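Enquirer: Put together the whole structure using the sequences plus the hints.
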Amino acid sequence: MGRLLAFIARLITGAQGHWKGCPPEALQRIYFANHQSHLDWVLIWAALPGELRAHTRPIAARDYWTASPFKHWLTRAVFNAVYVNRQRTDENDDPLEPLVQALAAGDSLVIFPEGTRSHGGEPQAFKSGLFHLARQFPQVQLVPAWIDNVQRVMPKGEVVPVPILCTVTFGAPLSLGPEEDKRSFLERARAAVVALRPLVL
Amino acid sequence: MLNVLRHLDAEQQVALLFVIVFGVLLAVTVGDLLLNLQDRPPEWVKRHDRFQRDLRAMWIGAALFWLAWISGPVGATLLFGIVSFLALREFITLSPTRRADHRSLIAAFFIVLPLQYVLVGNRNFDLFSVFIPVYVFFAIPVLGALAGDPERFLERNASIQWGIMVCVYGLSHAPALLLLSFPGEPSGRGAFLVFFLVIVAVVAQVVQEAASRWLRHRPLARQISRSFSARAWLLSATAAGVAGALFFWITPFKIAQALAMGLLAGGAGTLGEFVMKALKKDVGVAYWGNQSAVTGAVGLLDRVAPLAFAAPVFFHSVRWYFKLA
Numbered sequence: 006m007g008r009l010l011a012f013i014a015r016l017i018t019g020a021q022g023h024w025k026g027c028p029p030e031a032l033q034r035i036y037f038a039n040h041q042s043h044l045d046w047v048l049i050w051a052a053l054p055g056e057l058r059a060h061t062r063p064i065a066a067r068d069y070w071t072a073s074p075f076k077h078w079l080t081r082a083v084f085n086a087v088y089v090n091r092q093r094t095d096e097n098d099d100p101l102e103p104l105v106q107a108l109a110a111g112d113s114l115v116i117f118p119e120g121t122r123s124h125g126g127e128p129q130a131f132k133s134g135l136f137h138l139a140r141q142f143p144q145v146q147l148v149p150a151w152i153d154n155v156q157r158v159m160p161k162g163e164v165v166p167v168p169i170l171c172t173v174t175f176g177a178p179l180s181l182g183p184e185e186d187k188r189s190f191l192e193r194a195r196a197a198v199v200a201l202r203p204l205v206l
Numbered sequence: 043m044l045n046v047l048r049h050l051d052a053e054q055q056v057a058l059l060f061v062i063v064f065g066v067l068l069a070v071t072v073g074d075l076l077l078n079l080q081d082r083p084p085e086w087v088k089r090h091d092r093f094q095r096d097l098r099a100m101w102i103g104a105a106l107f108w109l110a111w112i113s114g115p116v117g118a119t120l121l122f123g124i125v126s127f128l129a130l131r132e133f134i135t136l137s138p139t140r141r142a143d144h145r146s147l148i149a150a151f152f153i154v155l156p157l158q159y160v161l162v163g164n165r166n167f168d169l170f171s172v173f174i175p176v177y178v179f180f181a182i183p184v185l186g187a188l189a190g191d192p193e194r195f196l197e198r199n200a201s202i203q204w205g206i207m208v209c210v211y212g213l214s215h216a217p218a219l220l221l222l223s224f225p226g227e228p229s230g231r232g233a234f235l236v237f238f239l240v241i242v243a244v245v246a247q248v249v250q251e252a253a254s255r256w257l258r259h260r261p262l263a264r265q266i267s268r269s270f271s272a273r274a275w276l277l278s279a280t281a282a283g284v285a286g287a288l289f290f291w292i293t294p295f296k297i298a299q300a301l302a303m304g305l306l307a308g309g310a311g312t313l314g315e316f317v318m319k320a321l322k323k324d325v326g327v328a329y330w331g332n333q334s335a336v337t338g339a340v341g342l343l344d345r346v347a348p349l350a351f352a353a354p355v356f357f358h359s360v361r362w363y364f365k366l367a
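Chains A and B, in that order, give the protein sequences.
Residue numbers for the first sequence, in the working numbering: 6 to 206.
Residue numbers for the second sequence, in the working numbering: 43 to 367.
Hints were generated in silico from the structure; no laboratory data involved.
These figures come from a predicted structure and were not determined experimentally.
Check each hint, because a few of them may be wrong.
[Unchecked claim] In the DSSO-like style, the derived pairs of lysine-lysine whose C-alpha atoms are separated by at most 27 Å in a straight line are:
1) A/Lys187 <-> A/Lys161
2) B/Lys296 <-> B/Lys365
3) A/Lys25 <-> A/Lys76
4) A/Lys187 <-> A/Lys76
5) A/Lys25 <-> B/Lys322
6) A/Lys25 <-> B/Lys88
Expert: Okay, structure coming up:
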């Protein structure tokens, strides 16, 4: 099933991975990218070599992605998603807890630190989750990625994707400096993602 | 001697054809390997890289045609349909479409393209010839206008139309040739016309490339191509004609007819490539597979452009000249 889906994604978008800053290796990584469309995750996933896909997991909002049997099956059986709660029910609950568990188990994650989809152009400011994960797991590589053209494949409100070639550009891994504070790290991470943007013709 | 070849049966001719094609490719590849054993200046290496890319494309092309042959008319139609899809995908990627074009694009990819190939498969050649130029030409701007975005309306619609015309209409004539039947000839003869067309187009392209490199002549349109000169074009069309005449035995043509058809198709193919160059200059990419482009386009459009331009001209002249139904 996963193979079929990856094939369809490649047929429609090409899903070309350009590994500019690091080779595709079976290292534990957090990929973080700009977020413009529902297809972003599928695109990164399809751009990864087949053997890395099984251990690279997306983050899915529990309330939305378990709402129907199909959504639940898709995120659980095909993508092996990490579910997070959007609403904090308990003050002491750490929303990052499921992510921490997944990383502790040795899996790689794909996160979109903007939180919501931005409307083309510059990505919004990054949320702090990436910083906390980087502090807790210094051995995990943080790989920036830029997803290009995907907003043309499926604009907001449309259901049928149009075949247009997209690329995912992976940059050089970052790491959190010893003295670096949250704000400057998140700004540096965002700049690393933006720097991968291909030149517009 | 060539007449002897004509009297072989179809299977034998095809086998012979593939032996010739793969034999030539193999000879070129081995020769290239031997030449490559010694050190070369960087300029030579750069040119050689380009040559190797072209050679690889030819291997892939030859293998594809072989696949098309063994899978029969349905398989070949499907195969060209897929190539059409990939080429159109590449074209649209580099076109200035906007969000409002979404519905038009869906229509182009998922309705127009399959329908056109179904028409080919069913041999509805009359409808097939007018479906895109008449009905789709009308439908696409209607869909575009209904989407309600007037910005650069003509430009957006024109590029979608053009993409459909070249990548779907043009290319779909290659499998149409496969299915054309000649009176008094066994069916399946059309497959040879596709070979004929491809061989003629490839010869024209290779000669054009070589001639424009060796004959430093005044370019016809410097802004578009520094190497495209009238003399190189004439030479390539002539070479295509000669190649066509040499391969007359696989076609229903007589030698002189084969020469004329080769001339026509080869000339149209290289002109088509020239037009693609103008288009690429406009979009700002050196070749479609450019790394610096927004996308990871694979350069398929470059390869199919001569075929997409030559096939309709070739198809309709054959049909008109032989008064085929």
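Enquirer: Taking each numbered hint in turn, which are not upheld by the structure, reported in ascending numerical order?
Expert: Hint check: 1, 3, 4 fail, others pass.
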